[in-house]
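K.L.:
Residue numbers (my numbering), protein chains in the order written: chain A, 685 to 950; chain B, 2 to 135.
If you are wondering where the hints come from, they were derived from the structure by calculation, not from laboratory data.
Beta carbons: idealized from backbone N, C-alpha and C, even for Gly.
Misleading hints may appear alongside valid ones.
[What the hints assert, rightly or not] Each computed DSS-like pair below joins lysine-lysine, with the alpha-carbon atoms no more than 27 Å apart:
1) Lys783(A) / Lys946(A)
2) Lys804(A) / Lys887(A)
3) Lys755(A) / Lys94(B)
4) Lys41(B) / Lys887(A)
5) Lys41(B) / Lys946(A)
6) Lys946(A) / Lys88(B)
7) Lys755(A) / Lys692(A)
8) Lys113(B) / Lys783(A)
9) Lys899(A) / Lys113(B)
10) Lys113(B) / Lys845(A)
[Stated by the list, open to error] A short, non-exhaustive set of chain A residues, derived as facing chain B with CB atoms under 10 Å:
11) Gln824
12) Arg879
13) Asn939
14) Phe950
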Amino acid sequence: MSTHLTKKTHIFLILLFIVLLLILFTPTLTQASFADDYQGYLKTYDAYRITHIDYITKRSQYLQYQTLNSKSEALTAVKNLLLARNDVLLGHISLLRAKNVDSVFNGEMDTYFNFLADHKNKVSQLGSLEDAVKVSQEVQDQHLAMQNLSRKVVGSIILAKIETQKTKFLQLENEATLIISALKSTNKDVSTQERWLLDAQNKRFLTEQKILEAKNRINQFQSKNVTKITENYNDIQFIVLEANQYIREGVSFLNELVQSIKYGNF
Amino acid sequence: MEISEVTPSNNQTEEKLNTEPVNKSGTKTGIFDGLNLQMKLLLICSLIFLILLVLIMLTRPRQNVPLQVVPSATPSASVGETPQPRKQSDFSKTEEFSRFEQDLNALQAENKSVDLSETELTFPFLDMNINFIN
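The following block holds chain B by itself, in its conformation from the complex (with noise of 0.2 Å):
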């Protein structure tokens, strides 16, 4: 291994500057070339593996997290509760209104299921048109 001048001046510098190692044709090797084939491969594959790893968290859907809602002091209204029943007045019990709210339902059922059409009376379609005649 050819070894440099060292200067007493410089000599840490091109230590460091000069850490390479050196193979026997005189030209600098990297940290891969010591490794076999082997180690090579297994190297490139978990560079590939973390690549693939990292993209996919980076692009996977994140999942939402649901709000927690923190119950406040202040009361809320919410959609269970049942509505409160309206008062009934005392003159809607007599006997009179309810005769008139009978009947008023009564005319609005018939006024409903009233049959208009009379489809049962349609005159019918006959040939008037006899004659033997080309």
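Only chain A is shown next, with the shape it has when bound in the complex (with noise of 0.2 Å):
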């Protein structure tokens, strides 16, 4: 019976061992996947712009010469062009599926996925040049809405970063909060204290304001050409760089609140 009961034990304490193994080495290995996901990424993007020189020059000899030869190796070239930006473009998405921390979002990524998917085998049957001309307008529509989505995405990633902060920042006020407390119940002096976390709960107030207008500006997010996208997207971004700026400021305070303890009368 003692046999019996040890040896579950042993199971039980190994199959534990490896649980804990996987919840410390899972972030290691989400990022390490990530990463490889974003060399192919990288590798899918090199090999679009070999076929789109090769596209450019097969494009420009049958413009010149006309030739049924110079027409078969153009539509190759083309339909070697949309598979290779198709590629690039699922790859793309597949990043902010990894990243995105808003499941908002992951329905339309989904959608985005399947059309492209559903492109890819359009192009495959390609047998003219109009049909290609077609096939690729399709994308084209969809080529502002793809990246209004996209910048929605990184947009709310990097928010979510800084609210991450500003949650150990809000714990961090409660704490020093209650190390003042137990100052002040023995009859010290922590007017100083006091004031440090004052401005310390002042910074984060406006972190907090930040996160609101850049929340916003997200849900907002609706762009009708590439120019204005990018500077809706940076405008998001230097709110977010505001936040954080704020957020370092005001750890600069509870940082003067714990060096007055450490070296004060306390």
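Combine both chains into one complex, guided by the hints.
P.N.:
See below:
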């Protein structure tokens, strides 16, 4: 009986050890997985550039000579280009999916992912240059919408990093309040520490304002040309950088509080 | 040698005045006239050398003599002294405070190293204008 129990305990301990290992190394594995995906994406981007050069060459040859041979080569080149372009877009959406923090965008990303997968099938069946141009136009029509979605997802990713910091900052504020209360109860003069804490809290309020502003901009993100998309995204990024700076200043005030307690008459 | 007339009243003065030797032609001679050419050249060269030496002595850069500090009786602060370590308060040695300080340092490190550029997620630049029109 005791041997049986010992065996069960051994199995349980081994399973627990495996689970703990998985918990510890999953973030590392996820990061390694993203890094591999990114390297794969860069390779598809390089392949796209090569096929694009070939397409430009074959296109100009066809437009110049208008022979059957040049037409056939142009068709092969444009098919390869459309497939390579498709792979790049699919790769980009895969990277966005890997890092996405807001489930609101999952549906839209799935829609574009399926659209591009369907587009790939259409390209492989192309028989003429006219068909190639029509099929390419379908992706062109969705291009701006895909860019808008991409910027919204990235905006929410960087904002999430600031929100995580703000949550930790709030936790530190609460701890600081408890520490000051403990010191006050022993009749120590904590007026300086309270002032440092108040300054830190003010910085946190400013951070929250910036987070709200960035969230609103992300929710309303919809631009009709590439230049506007870039401008709007840069504005969001700037607001997020400001929020990060406010947290930094708040942390410096809490540091002053720490130093004043560490080397004060406490 | 022609001897000038000497009167009893100004004999010594005239003797003093007329100390220069007189040559056979009757003109008075200088102190260098008795010297030969070699001696003259030697004297001129020595004179030039002396002038040059004086000029060099006058124009050479003066060496600064370092000031000698005379030690005084009063004590003075020196850079070599090590600062006194600050004394940590008793409260700062508690677990609660140490944990707070650690969490604050961790947040500070995170804030400094956070990547808000996400360059890996930049939208790819692609040719969307596919056509076969001139």
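K.L.:
All hints are to be evaluated individually against the structure, with a verdict given for each.
P.N.:
Do the hints match the structure? See the list:
{"no.": "1", "hint": "Lys783(A) / Lys946(A)", "in the structure": "40 Å, violated"}
{"no.": "2", "hint": "Lys804(A) / Lys887(A)", "in the structure": "51 Å, violated"}
{"no.": "3", "hint": "Lys755(A) / Lys94(B)", "in the structure": "81 Å, violated"}
{"no.": "4", "hint": "Lys41(B) / Lys887(A)", "in the structure": "97 Å, violated"}
{"no.": "5", "hint": "Lys41(B) / Lys946(A)", "in the structure": "92 Å, violated"}
{"no.": "6", "hint": "Lys946(A) / Lys88(B)", "in the structure": "8 Å, holds"}
{"no.": "7", "hint": "Lys755(A) / Lys692(A)", "in the structure": "72 Å, violated"}
{"no.": "8", "hint": "Lys113(B) / Lys783(A)", "in the structure": "21 Å, holds"}
{"no.": "9", "hint": "Lys899(A) / Lys113(B)", "in the structure": "22 Å, holds"}
{"no.": "10", "hint": "Lys113(B) / Lys845(A)", "in the structure": "12 Å, holds"}
{"no.": "11", "hint": "Gln824", "in the structure": "4 Å, holds"}
{"no.": "12", "hint": "Arg879", "in the structure": "17 Å, violated"}
{"no.": "13", "hint": "Asn939", "in the structure": "7 Å, holds"}
{"no.": "14", "hint": "Phe950", "in the structure": "4 Å, holds"}
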